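Undergrad: Sequence:
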Amino acid sequence: MTATTLARTTERITIPSRTAHDARVASARREATFILRSADGHDTPLPSSLQDMLFHTLRIIGEGGSVSIGQMPEELTSTVAANLLGVSRPTLLRWSREGKIDSFKVGAHTRFHLTEVMKLRDQRESERRKRFEELRALDAEGDFEFFND
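Residue numbers (numbering that gives the first Met the number 0): 0 to 148.
Do not take every clue at face value.
Listed next, the in silico DSBU-like pairs over lysine-lysine satisfying Cα-Cα at most 35 Å (straight line) [as the list claims (entries may be wrong)]:
1) Lys99 - Lys118
2) Lys129 - Lys99
3) Lys129 - Lys118
4) Lys104 - Lys129
5) Lys104 - Lys118
Here are the computed distance ranges between Cβ atoms for each label pair [as the list claims (entries may be wrong)]:
6) Glu132 - Ser37: 44 to 50 Å
7) Val86 - Asp39: 49 to 55 Å
8) Ile12 - Met71: 15 to 21 Å
9) Glu133 - His41: 23 to 29 Å
10) Asp39 - Ile59: 32 to 38 Å
By construction, these hints were calculated from the structure, which means they are not laboratory data.
Bear in mind the structure is a predicted one, so any value in this text is a computation, not a measurement.
Positions of the beta carbon are idealized from the N, C-alpha and C atoms, including for glycine.
Build out the structure end to end from the sequences listed, making use of the hints.
TA: Structural data, given as structure tokens:
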């Protein structure tokens, strides 16, 4: 028996602005469904997790952003989880002890579920944006000066 090894590759795809415009239009059609059509005309709807990823990707590209897609295991080490959250490992472990994020033990090692880490990352990003908008509103009202010149 022969073993086949798939090479891990990284590919960068650059798209023209017209494609970004098309992505913006397509992402607005949230009620749409992505379907794979085979050569013989058989349609297979994509699983909802893939559809969510594609709609999210289209929205970001349509807004002029860029997207990097890669694989991530379902269970993360504390180091990987901390890197995804942009915090130190000790901070993440403290949050785990405080109940800010769920974790579990594998032997003596603390692990985190990818979904929990991504949920916390999204919450932190949402809070950061909210605070930024509050600062902008204060500045617009003239109640707050960033620089005293």
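Undergrad: Tell me the numbers of any earlier hints that the structure contravenes, in ascending order.
TA: 9
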